[in-house]
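Here's the letter readout for the chains.
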Amino acid sequence: MKRCMIVDDSRVIRRFAAKIVQDLGFETTEAEDGRQALQACRDQMPDAIVLDWEMPVMDGIAVTEELRRMPGGNRVAVIMCTVKNEPKSIQEALDVGADEYIMKPFDSEIVRTKFVLLGLIG
Amino acid sequence: MTPDEFAYTAGFVKERSGLVLTRDKGYLLENRLMPVLRTHNLKSFSDLVARLRNGESALHAATIDAMMSKDTAFFRDWKPFVHFRTVVLPNLAVARGIKKSFRILCAGVSTGQEAYSLAMCVRDAPALEGWSVEIAGLDISASALKIADDACYSQFDIQRGLPIRTLLQHFTKEDDYWRLDPSLRALVKLQAWNVLDEMFPLGRFDVVLCRNVLVYLDLQTKLDVLQKLSRLLVDDGVLYLGLNETITGVSGNFRAVDADAGIYAAHRGTHPSALSLATKIETQRKTRRLFSTGALFRFASGAAFSQRRRLSSSRFRQLRFRAGHSRGPTRFRYSFRRRWPSPASCAACK
Numbered sequence: 001m002k003r004c005m006i007v008d009d010s011r012v013i014r015r016f017a018a019k020i021v022q023d024l025g026f027e028t029t030e031a032e033d034g035r036q037a038l039q040a041c042r043d044q045m046p047d048a049i050v051l052d053w054e055m056p057v058m059d060g061i062a063v064t065e066e067l068r069r070m071p072g073g074n075r076v077a078v079i080m081c082t083v084k085n086e087p088k089s090i091q092e093a094l095d096v097g098a099d100e101y102i103m104k105p106f107d108s109e110i111v112r113t114k115f116v117l118l119g120l121i122g
Numbered sequence: 123m124t125p126d127e128f129a130y131t132a133g134f135v136k137e138r139s140g141l142v143l144t145r146d147k148g149y150l151l152e153n154r155l156m157p158v159l160r161t162h163n164l165k166s167f168s169d170l171v172a173r174l175r176n177g178e179s180a181l182h183a184a185t186i187d188a189m190m191s192k193d194t195a196f197f198r199d200w201k202p203f204v205h206f207r208t209v210v211l212p213n214l215a216v217a218r219g220i221k222k223s224f225r226i227l228c229a230g231v232s233t234g235q236e237a238y239s240l241a242m243c244v245r246d247a248p249a250l251e252g253w254s255v256e257i258a259g260l261d262i263s264a265s266a267l268k269i270a271d272d273a274c275y276s277q278f279d280i281q282r283g284l285p286i287r288t289l290l291q292h293f294t295k296e297d298d299y300w301r302l303d304p305s306l307r308a309l310v311k312l313q314a315w316n317v318l319d320e321m322f323p324l325g326r327f328d329v330v331l332c333r334n335v336l337v338y339l340d341l342q343t344k345l346d347v348l349q350k351l352s353r354l355l356v357d358d359g360v361l362y363l364g365l366n367e368t369i370t371g372v373s374g375n376f377r378a379v380d381a382d383a384g385i386y387a388a389h390r391g392t393h394p395s396a397l398s399l400a401t402k403i404e405t406q407r408k409t410r411r412l413f414s415t416g417a418l419f420r421f422a423s424g425a426a427f428s429q430r431r432r433l434s435s436s437r438f439r440q441l442r443f444r445a446g447h448s449r450g451p452t453r454f455r456y457s458f459r460r461r462w463p464s465p466a467s468c469a470a471c472k
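For the protein sequence lines, the chains are A and B, in the order given. Residue 117 in my numbering sits at position 117 of the first sequence, with consecutive numbering throughout. With the second sequence counted from 1, adding 122 to any position gets you my numbering.
So here's chain A without its partners, still in its complex pose (with noise of 0.2 Å):
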């Protein structure tokens, strides 16, 4: 079963995802910030995360970059998820190493569309 990592301070946020994320077939883990999300990733890298922007500890730009340093980093299909929906806050998300990008609010069909993109599901 493919891996996915939820990273967001907000504890509904991170059940949100996570169940729409295991209804699609993932088996999930959580971290509520990036310094977190990142240990998690070096015990073991998943197939996908779905990182938040704005976090106390280590925001999602710096993650990105670090996790892309990070041997077998350059594998995990990253999907911003994060409030930010100006052109240049996407565009520096994608610069730094994201794959995908969600602007909050989200729903399970905007989640979905993503990962299909990503080609991590059918």
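Just to be clear, a hint being listed does not mean it is correct.
In the EDC-like style, the derived pairs of lysine to aspartate or glutamate whose C-alpha atoms are separated by at most 20 Å in a straight line are [what the hints assert, rightly or not]:
(1) A:88 with B:298
(2) B:201 with A:109
(3) B:136 with B:279
(4) A:84 with B:346
(5) B:192 with A:65
Computed footprint of chain B on chain A, listed as stretches where at least three residues anywhere in the stretch have a Cβ under 8 Å from a Cβ of chain B [stated by the list, open to error]:
(6) 10–23
(7) 29–38
(8) 77–87
Source of the hints: derived by calculation from the structure; they are not laboratory data. By construction, the Cβ of each residue, glycine as well, lies at the ideal position given by its N, Cα and C atoms.
Keeping the supplied structure of chain A fixed, place chain B upon it in accordance with the hints.
Frame of chain A; chain B shown alone:
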């Protein structure tokens, strides 16, 4: 809504739009017509039905409009659009290389997302630069066409199906909405049209999308619509249907290329199955060796079978030379004549 009122309204909707409503869809009828009641200050469904019976044309239009499903998305179901981009567009670049133009029909365009997805695919194909491409979008719903015409979508709409890089490339943000690039908008010509009406005034098309339309129709209406679409489609054309709209065994006018993805090729008795825009060019190259030079010529020049007869022999040689083929062996031409029946004798083309 009483059974009589339901029967009348369902009959009215079917007659005007083809949409079939069984008795278990009473909730759907009521849900969708509630806004019509509010807009027209009607107190109950009985009032609505009474005024429909009186023939109020504004209410007729509003009722049909409200009953139409407007559920759509950019690159909906993904697979058909991948096929369009990776198979059909390269084939068109070869097959229409002389006239440098082709036409696409999007029947049931709704709020425009699928038509604009095709426009994006066309724009992103470098081989088609400078080509004349027309995408016709038809829908019965005036309110859906208004949204399509505006080409301005909410954050939810644009995230359903649109890859983020494509969003940045083709849209600009206006407050909370995203507006499509006007040059892409201009590629799509929108028109109010009922698929139950005759469609021949629209001309012929190389690619037809009629996705998630047939699913709402009964079998006879479905067959009629398919017959009309078949007449609109050129001999080597492609038809895209919704994923759940299989027509295998229903209509002899189309041949399944990938039924699961809703991809069909026009079936013509005179047209070898391999020579279709819906089939990968590499497969066609291999298969073409088995076929006549005549069939090869038709594919390479984009000319229809009947056109070949009208061409002078010198023009035919000139076109065949341009398409990169020398004189073909006579025995192939013989086998070509023997193997495929003329359009008049082919059951599928009648």
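Which earlier hints can't be squared with this structure? Violated hints: 3, 4, 5, 6, 7; rest satisfied.
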